[in-house]
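Engineer: Sequence order for the protein chains is L and D.
Residues in the first sequence are numbered consecutively from 1, following UniProt numbering.
Residues in the second sequence are numbered consecutively from 1, following UniProt numbering.
No wet-lab data here; the hints were simulated from the structure.
Values in this document were obtained by computation on a predicted structure and should not be read as measured data.
Any given hint could turn out to be false.
Heads up, simulated BS3-like pairs for lysine-lysine below, C-alpha to C-alpha not over 27 Å straight-line [what the hints assert, rightly or not]:
1) L/LYS255 <-> L/LYS215
2) L/LYS20 <-> D/LYS14
3) L/LYS231 <-> L/LYS215
4) L/LYS99 <-> L/LYS242
5) D/LYS3 <-> L/LYS231
6) L/LYS231 <-> L/LYS214
7) D/LYS14 <-> D/LYS39
8) D/LYS14 <-> L/LYS19
9) L/LYS172 <-> D/LYS39
10) D/LYS39 <-> L/LYS20
11) D/LYS3 <-> L/LYS20
12) L/LYS201 <-> D/LYS39
13) D/LYS73 <-> L/LYS242
14) L/LYS19 <-> L/LYS172
15) D/LYS3 <-> L/LYS19
16) L/LYS206 <-> L/LYS172
17) L/LYS199 <-> D/LYS3
18) L/LYS20 <-> L/LYS199
19) L/LYS231 <-> D/LYS14
20) L/LYS202 <-> L/LYS99
21) D/LYS73 <-> L/LYS20
Taking CB as the label site, the calculated pair distances span [what the hints assert, rightly or not]:
22) L/ILE113 <-> D/ALA28: 28 to 34 Å
23) L/GLN79 <-> D/LYS3: 45 to 51 Å
24) L/HIS30 <-> D/SER75: 41 to 47 Å
25) L/ALA91 <-> D/VAL9: 28 to 34 Å
26) D/VAL9 <-> L/PRO250: 55 to 61 Å
27) D/SER75 <-> L/MET51: 46 to 52 Å
28) L/GLY182 <-> D/ALA74: 40 to 46 Å
29) D/ALA33 <-> L/GLY182: 49 to 55 Å
30) D/LYS3 <-> L/THR4: 36 to 42 Å
31) L/GLN236 <-> D/ALA33: 38 to 44 Å
32) D/ALA28 <-> L/GLU28: 25 to 31 Å
33) D/LYS3 <-> L/MET96: 19 to 25 Å
34) D/LYS3 <-> L/ARG94: 50 to 56 Å
35) D/VAL9 <-> L/HIS82: 20 to 26 Å
Glycine included, every Cβ here is placed at the ideal spot set by N, Cα and C.
Given next are the chains, with one letter for each unit.
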Amino acid sequence: MTATTEINNIISEENLVYKKTSVLLDNEMHYCPGCTHGVIHKVIAEVIEEMDIQDKTIGVSPVGCSVLAYNYLDIDWQQAAHGRAPALATATARLMPDKYVFTYQGDGDLASIGCAEIIHACNRGENIVVVFVNNAIYGMTGGQMAPTTLDGQVTATSPYGRDCGSTGAPMKISEMVSLLPGTRFVTRQSAETAGAVRKLKKAIRKGFENTREKKGLSFIEIVGTCSSGWKLSPTQSNEWMKENMFPYYPLGTLKDE
Amino acid sequence: MAKFKGAIVVDTEKCKGCGLCVVSCPTAVIELARGVNGKGYHYAHMANPDACIGCSSCGLVCPDTVITVYRAKAS
Numbered sequence: 001m002t003a004t005t006e007i008n009n010i011i012s013e014e015n016l017v018y019k020k021t022s023v024l025l026d027n028e029m030h031y032c033p034g035c036t037h038g039v040i041h042k043v044i045a046e047v048i049e050e051m052d053i054q055d056k057t058i059g060v061s062p063v064g065c066s067v068l069a070y071n072y073l074d075i076d077w078q079q080a081a082h083g084r085a086p087a088l089a090t091a092t093a094r095l096m097p098d099k100y101v102f103t104y105q106g107d108g109d110l111a112s113i114g115c116a117e118i119i120h121a122c123n124r125g126e127n128i129v130v131v132f133v134n135n136a137i138y139g140m141t142g143g144q145m146a147p148t149t150l151d152g153q154v155t156a157t158s159p160y161g162r163d164c165g166s167t168g169a170p171m172k173i174s175e176m177v178s179l180l181p182g183t184r185f186v187t188r189q190s191a192e193t194a195g196a197v198r199k200l201k202k203a204i205r206k207g208f209e210n211t212r213e214k215k216g217l218s219f220i221e222i223v224g225t226c227s228s229g230w231k232l233s234p235t236q237s238n239e240w241m242k243e244n245m246f247p248y249y250p251l252g253t254l255k256d257e
Numbered sequence: 001m002a003k004f005k006g007a008i009v010v011d012t013e014k015c016k017g018c019g020l021c022v023v024s025c026p027t028a029v030i031e032l033a034r035g036v037n038g039k040g041y042h043y044a045h046m047a048n049p050d051a052c053i054g055c056s057s058c059g060l061v062c063p064d065t066v067i068t069v070y071r072a073k074a075s
């Protein structure tokens with residue numbers, strides 16, 4: 001049997017182990033090659049499919065690269081003003097308590113302009129899931145410094161490296177919100193390896209299960225990459241993230257009640 | 001000899017050639033092609049198909065979800 005015939009024999013419906021979920025639309029993603037957003041979209045879509053909640057899920061998309069998330073996930077979406085996704089999600093979740101409401105926000109959106117909204121939504125313990133993608137930079141606008149940018153990190157607006165003396169230290173949002181009594185589940189994950197993606201999927205599923213059980217707010221931070229903003233290749237970005245981001249933003253669950 | 005034989009199918013036109021599947025593959029099956037797709041990206045393909053064990057690591061880390069994975073028991 002030749003190699004090609006053997007491969008053709010393997011490629012059949014009964015041997016299928018991994019395919020694109022039907023919750024993800026066929027639209028081509030506009031993200032740069034290697035962007036973590038693509039992986040996170042996929043994981044959320046897979047969780048929605050597994051829990052069979054496609055017609056009950058409402059996403060709130062932010063301002064940032066992921067503003068166009070509604071083009072990729074086949075669920076109901078709202079689009080919030082910059083940083084205001086938790087406020088919009090609060091209203092949605094209170095008016096429709098049987099729905100699964102989640103916000104999808106980047107660090108420029110959540111940690112900077114939307115800092116007040118997220119802190120108060122966490123403090124009130126709204127019954128929502130917050131997906132927070134932290135890549136230490138403003139990606140969409142061209143790689144400017146964000147509140148989560150690391151000390152000494154070179155960005156478009158900190159060309160000599162971030163100076164924490166004048167701009168403050170990078171904000172550890174997960175640690176901040178884990179102190180608030182309203183949050184039930186606070187975790188920090190990543191998505192650079194298959195194992196990390198599986199862990200992330202478990203975390204997001206737990207978030208949606210908390211929503212179903214009306215437990216309150218689940219906060220899932222994902223340390224991700226921005227290869228365009230960091231001016232590195234996708235694989236180099238992952239290495240840079242492991243070396244520099246993980247020591248400052250350690251992975252793991254901070255709170256689970 | 002591996003217990004499983006695997007195979008992947010890459011939607012080459014949608015692949016952006018980021019190479020994350022290449023580094024995620026535990027058996028070094030995937031490489032980026034010398035040729036390019038319609039968008040000019042060097043798409044991923046199975047360069048060493050005999051080594052594939054169908055573990056799905058490439059599918060899981062692919063940001064554009066262009067990889068479908070199949071696995072069968074080795075004969």
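Engineer: Each hint should be assessed against the structure and marked as holding or not.
Structural biologist: Checked hints:
Distance check on the hinted pair: L/LYS255 and L/LYS215 sit about 13 Å apart at the alpha-carbon level, within 27 Å; holds. Restraint check for L/LYS20 and D/LYS14: satisfied, since their Cα atoms lie roughly 13 Å apart, inside the 27 Å limit. Only pairs whose Cα atoms come within 27 Å are accepted, and L/LYS231 paired with L/LYS215 is rejected, the gap being roughly 41 Å. A threshold of 27 Å between alpha carbons decides the hint, and for L/LYS99 with L/LYS242 the separation of about 36 Å lies outside it, so the pair is violated.
Annotation: proposed proximity of D/LYS3 to L/LYS231 is violated, straight-line Cα distance about 41 Å (limit 27 Å). With a CA separation close to 42 Å, the supplied pair L/LYS231 and L/LYS214 exceeds the 27 Å bound. Restraint check: the Cα-Cα separation between D/LYS14 and D/LYS39 comes to about 8 Å, which is no more than 27 Å; the hinted pair holds. Taking the CA atoms of D/LYS14 and L/LYS19, the gap is near 14 Å; set against the 27 Å cutoff, the hint holds.
Between L/LYS172 and D/LYS39 the CA atoms are separated by roughly 38 Å; this puts the pair beyond 27 Å, and the hint is violated. Proposed proximity of D/LYS39 and L/LYS20 is supported: the alpha carbons are some 21 Å apart, at most 27 Å. Distance check on the hinted pair: D/LYS3 and L/LYS20 sit about 25 Å apart at the alpha-carbon level, within 27 Å; holds. For the hint pairing L/LYS201 with D/LYS39, the CA-to-CA distance comes to about 31 Å; that exceeds 27 Å, so the pair is violated.
Proposed proximity of D/LYS73 and L/LYS242 is contradicted: the alpha carbons are some 35 Å apart, above 27 Å. Restraint check for L/LYS19 and L/LYS172: not satisfied, since their Cα atoms lie roughly 35 Å apart, outside the 27 Å limit. At most 27 Å may separate the alpha-carbon atoms for a hinted pair to count; D/LYS3 and L/LYS19 meet this at roughly 22 Å. For the hint pairing L/LYS206 with L/LYS172, the CA-to-CA distance comes to about 22 Å; that is within 27 Å, so the pair holds.
A C-alpha spacing of about 26 Å is found between L/LYS199 and D/LYS3, which places the hinted pair at or below 27 Å, so the restraint holds. The suggested pairing of L/LYS20 with L/LYS199 holds, with an alpha-carbon distance near 18 Å, which does not exceed 27 Å. Distance restraint check for L/LYS231 and D/LYS14: the Cα-Cα separation of roughly 23 Å lies within the 27 Å cut-off, and the hinted pair is therefore satisfied. A C-alpha spacing of about 20 Å is found between L/LYS202 and L/LYS99, which places the hinted pair at or below 27 Å, so the restraint holds.
Distance hint between D/LYS73 and L/LYS20 is fulfilled; the C-alpha atoms sit about 22 Å from each other, no more than 27 Å. For L/ILE113 and D/ALA28, the Cβ-Cβ distance of about 44 Å falls outside the hinted range of 28 to 34 Å, so the restraint is violated. For the pair L/GLN79 and D/LYS3, the beta carbons lie near 48 Å from each other, so the given range of 45 to 51 Å is met. Checked against the hint of 41 to 47 Å, the pair L/HIS30 and D/SER75 passes, with Cβ atoms roughly 43 Å apart.
The supplied range of 28 to 34 Å is broken by L/ALA91 and D/VAL9, whose beta-carbon atoms lie about 43 Å from each other. As the Cβ distance of D/VAL9 to L/PRO250 is approximately 37 Å, the hint placing it in 55 to 61 Å is violated. Restraint check, D/SER75 to L/MET51: a C-beta distance of roughly 37 Å breaks the suggested window 46 to 52 Å. One distance hint, 40 to 46 Å for the beta-carbon pair L/GLY182 and D/ALA74, is violated here, with the actual separation near 52 Å.
A hinted range of 49 to 55 Å for the beta carbons of D/ALA33 and L/GLY182 is consistent with their spacing of about 50 Å. A beta carbon spacing of about 22 Å between D/LYS3 and L/THR4 contradicts the range 36 to 42 Å that was offered as a hint. For L/GLN236 and D/ALA33, the hinted distance range of 38 to 44 Å is not satisfied, since their beta carbons lie about 21 Å from each other. Between D/ALA28 and L/GLU28 the Cβ separation comes to about 28 Å, which falls inside the hinted range of 25 to 31 Å.
Distance hint check for D/LYS3 and L/MET96: the Cβ-Cβ separation is about 48 Å, which falls outside the suggested range of 19 to 25 Å. The supplied range of 50 to 56 Å is met by D/LYS3 and L/ARG94, whose beta-carbon atoms lie about 52 Å from each other. Restraint check, D/VAL9 to L/HIS82: a C-beta distance of roughly 40 Å breaks the suggested window 20 to 26 Å.
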